[in-house]
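Trainee: Below are the chains, spelled out letter by letter.
There are 2 protein chains.
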Amino acid sequence: MEIKVLKNILDANDQMAIQNRKLLASKKIMMINVWASPGAGKTTTMLRTAETLKGKARMAVIEGDVASSIDTVKLTQSGVTAIQINTDGGCHLDAGMINLALQNLPLDELDIIFIENVGNLICPGEFDLGEYKRIIISSTPEGEDKPHKYPLMFTIADACIVNKIDLMPYVNFDINSFMRTVSGMNGKIEIFKISSINGDGVDKWADWVLKQLDSYRQ
Amino acid sequence: MEIKVLKNILDANDQMAIQNRKLLASKKIMMINVWASPGAGKTTTMLRTAETLKGKARMAVIEGDVASSIDTVKLTQSGVTAIQINTDGGCHLDAGMINLALQNLPLDELDIIFIENVGNLICPGEFDLGEYKRIIISSTPEGEDKPHKYPLMFTIADACIVNKIDLMPYVNFDINSFMRTVSGMNGKIEIFKISSINGDGVDKWADWVLKQLDSYRQ
Numbered sequence: 007m008e009i010k011v012l013k014n015i016l017d018a019n020d021q022m023a024i025q026n027r028k029l030l031a032s033k034k035i036m037m038i039n040v041w042a043s044p045g046a047g048k049t050t051t052m053l054r055t056a057e058t059l060k061g062k063a064r065m066a067v068i069e070g071d072v073a074s075s076i077d078t079v080k081l082t083q084s085g086v087t088a089i090q091i092n093t094d095g096g097c098h099l100d101a102g103m104i105n106l107a108l109q110n111l112p113l114d115e116l117d118i119i120f121i122e123n124v125g126n127l128i129c130p131g132e133f134d135l136g137e138y139k140r141i142i143i144s145s146t147p148e149g150e151d152k153p154h155k156y157p158l159m160f161t162i163a164d165a166c167i168v169n170k171i172d173l174m175p176y177v178n179f180d181i182n183s184f185m186r187t188v189s190g191m192n193g194k195i196e197i198f199k200i201s202s203i204n205g206d207g208v209d210k211w212a213d214w215v216l217k218q219l220d221s222y223r224q
Numbered sequence: 007m008e009i010k011v012l013k014n015i016l017d018a019n020d021q022m023a024i025q026n027r028k029l030l031a032s033k034k035i036m037m038i039n040v041w042a043s044p045g046a047g048k049t050t051t052m053l054r055t056a057e058t059l060k061g062k063a064r065m066a067v068i069e070g071d072v073a074s075s076i077d078t079v080k081l082t083q084s085g086v087t088a089i090q091i092n093t094d095g096g097c098h099l100d101a102g103m104i105n106l107a108l109q110n111l112p113l114d115e116l117d118i119i120f121i122e123n124v125g126n127l128i129c130p131g132e133f134d135l136g137e138y139k140r141i142i143i144s145s146t147p148e149g150e151d152k153p154h155k156y157p158l159m160f161t162i163a164d165a166c167i168v169n170k171i172d173l174m175p176y177v178n179f180d181i182n183s184f185m186r187t188v189s190g191m192n193g194k195i196e197i198f199k200i201s202s203i204n205g206d207g208v209d210k211w212a213d214w215v216l217k218q219l220d221s222y223r224q
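As given, the protein sequences belong to chains A and B, one line each in that order.
Counting from 1, position 119 in the first sequence corresponds to residue 125 in this note's numbering; the numbering is continuous, with no gaps.
Counting from 1, position 134 in the second sequence corresponds to residue 140 in this note's numbering; the numbering is continuous, with no gaps.
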């Protein structure tokens with residue numbers, strides 16, 4: 007008899023991530039893991055993305071927060087399917103939490119699931135949730151030095167959204183320097199400049215999402 | 007013979023925090039632990055604080071970052087004594103790291119040490135570093151809902167700095183709602199509204215720091 011031992015918490019997480027990936031593949035649903043600092047504009051970006059994808063793809067959002075359900079209320083009030091995970095002090099989502107959320111979403115009515123991870127530029131980058139793509143949202147008031155200080159996520163993300171470009175006249179943020187840094191760390195990353203408040207640039211980001219959905223389903 | 011077992015990592019951390027506190031007491035140095043999101047303006051706040059405290063108290067900064075020494079370079083170029091800790095992926099500073107930093111600072115020439123913790127609203131709140139006071143910096147572009155989403159730090163901090171008040175005309179941030187929320191969670195917290203870019207409000211914050219130094223030394 008073979009006895010399987012899950013070596014550590016990351017190993018157990020990776021097993022569950024594989025299960026999530028299989029379940030989503032069977033339903034042809036693409037899942038995207040979204041990382042950002044607190045207050046970078048993840049939820050407003052999700053709201054704008056839902057508006058822009060309307061009629062093109064059916065999306066839902068899994069909301070991760072230490073506490074509260076403020077963002078899920080915002081999303082559902084705007085007609086976006088959303089489910090809340092509270093980590094109760096935990097600094098990241100894990101694949102088991104996502105598995106529970108998937109069991110509670112109407113999978114037969116969805117094309118894309120976005121995971122709005124806990125606002126944190128460090129810990130969530132270490133946990134595979136079973137996603138197809140990984141996105142980091144960085145906002146202009148945070149400053150252009152974030153990739154140097156939090157290198158992991160910028161190095162392994164598939165795309166980077168620079169949010170709050172409407173605030174650029176009022177903050178110290180050299181967008182060209184930021185883009186050079188990120189591209190230097192990660193030659194394959196796609197960068198999108200948006201304002202989730204006024205909608206600028208969201209169309210290009212949404213086009214990229216739809217292109218990923220096509221690739222995923224081929 | 008008594009064998010001492012440190013029960014877990016938090017226990018070991020707490021033992022070291024006690025040592026740090028004793029060392030600082032022997033030198034009459036007050037240490038303040040500063041928490042914030044990435045990009046909330048911790049370093050510019052430290053620079054303004056150093057300017058304002060000049061001639062009144064001698065301060066140093068312990069800089070915590072996952073990677074890079076950008077902030078320590080900024081501080082030392084402005085004449086502020088600073089030392090960098092890189093956590094190399096770690097999401098918080100612990101008391102052992104601070105102990106090492108203290109061994110490398112000119113303690114006989116200091117009155118106040120600020121710890122600029124890793125930019126993260128979750129994990130650093132769980133580690134006692136041996137500090138006398140704890141401060142959270144929240145910036146207006148992050149939005150007024152942060153205390154609901156990251157309750158621990160707002161609940162246990164001694165003071166809260168609302169930074170980037172110069173950006174209030176351009177962002178959705180209801181400062182009265184924010185202040186009501188924070189005061190409701192933590193009846194003893196002091197709140198300071200500042201702009202670390204133009205210096206507004208920094209004098210009141212610096213006065214509070216000097217008042218704490220007086221209390222600490224009594």
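Heads up, a few of these hints could be off.
No distinction is drawn between identical chains; accordingly, a pair holds when it is met within one copy or between any pair of copies.
Said to hold, decoys possible - Calculated pairs, DMTMM-like style, for lysine to aspartate or glutamate (alpha carbon to alpha carbon, straight line, at most 25 Å):
1) Lys80 with Asp180
2) Lys28 with Asp94
3) Lys194 with Asp94
For the record, the hints were derived by calculation from the structure and aren't laboratory data.
Here the structure is a predicted model, which is why all the values come from computation and not from measurement.
Trainee: Evaluate each hint against the coordinates.
Mentor: Now for the hints, and whether the structure bears them out:
1. Lys80 with Asp180: between (32 Å within a copy, 17 Å between copies)
2. Lys28 with Asp94: The answer is neither: 28 Å in one copy and 33 Å across copies each exceed 25 Å.
3. Lys194 with Asp94: between (35 Å within a copy, 24 Å between copies)
When held up to the earlier numbered hints, the structure conflicts with hint 2 and nothing else.
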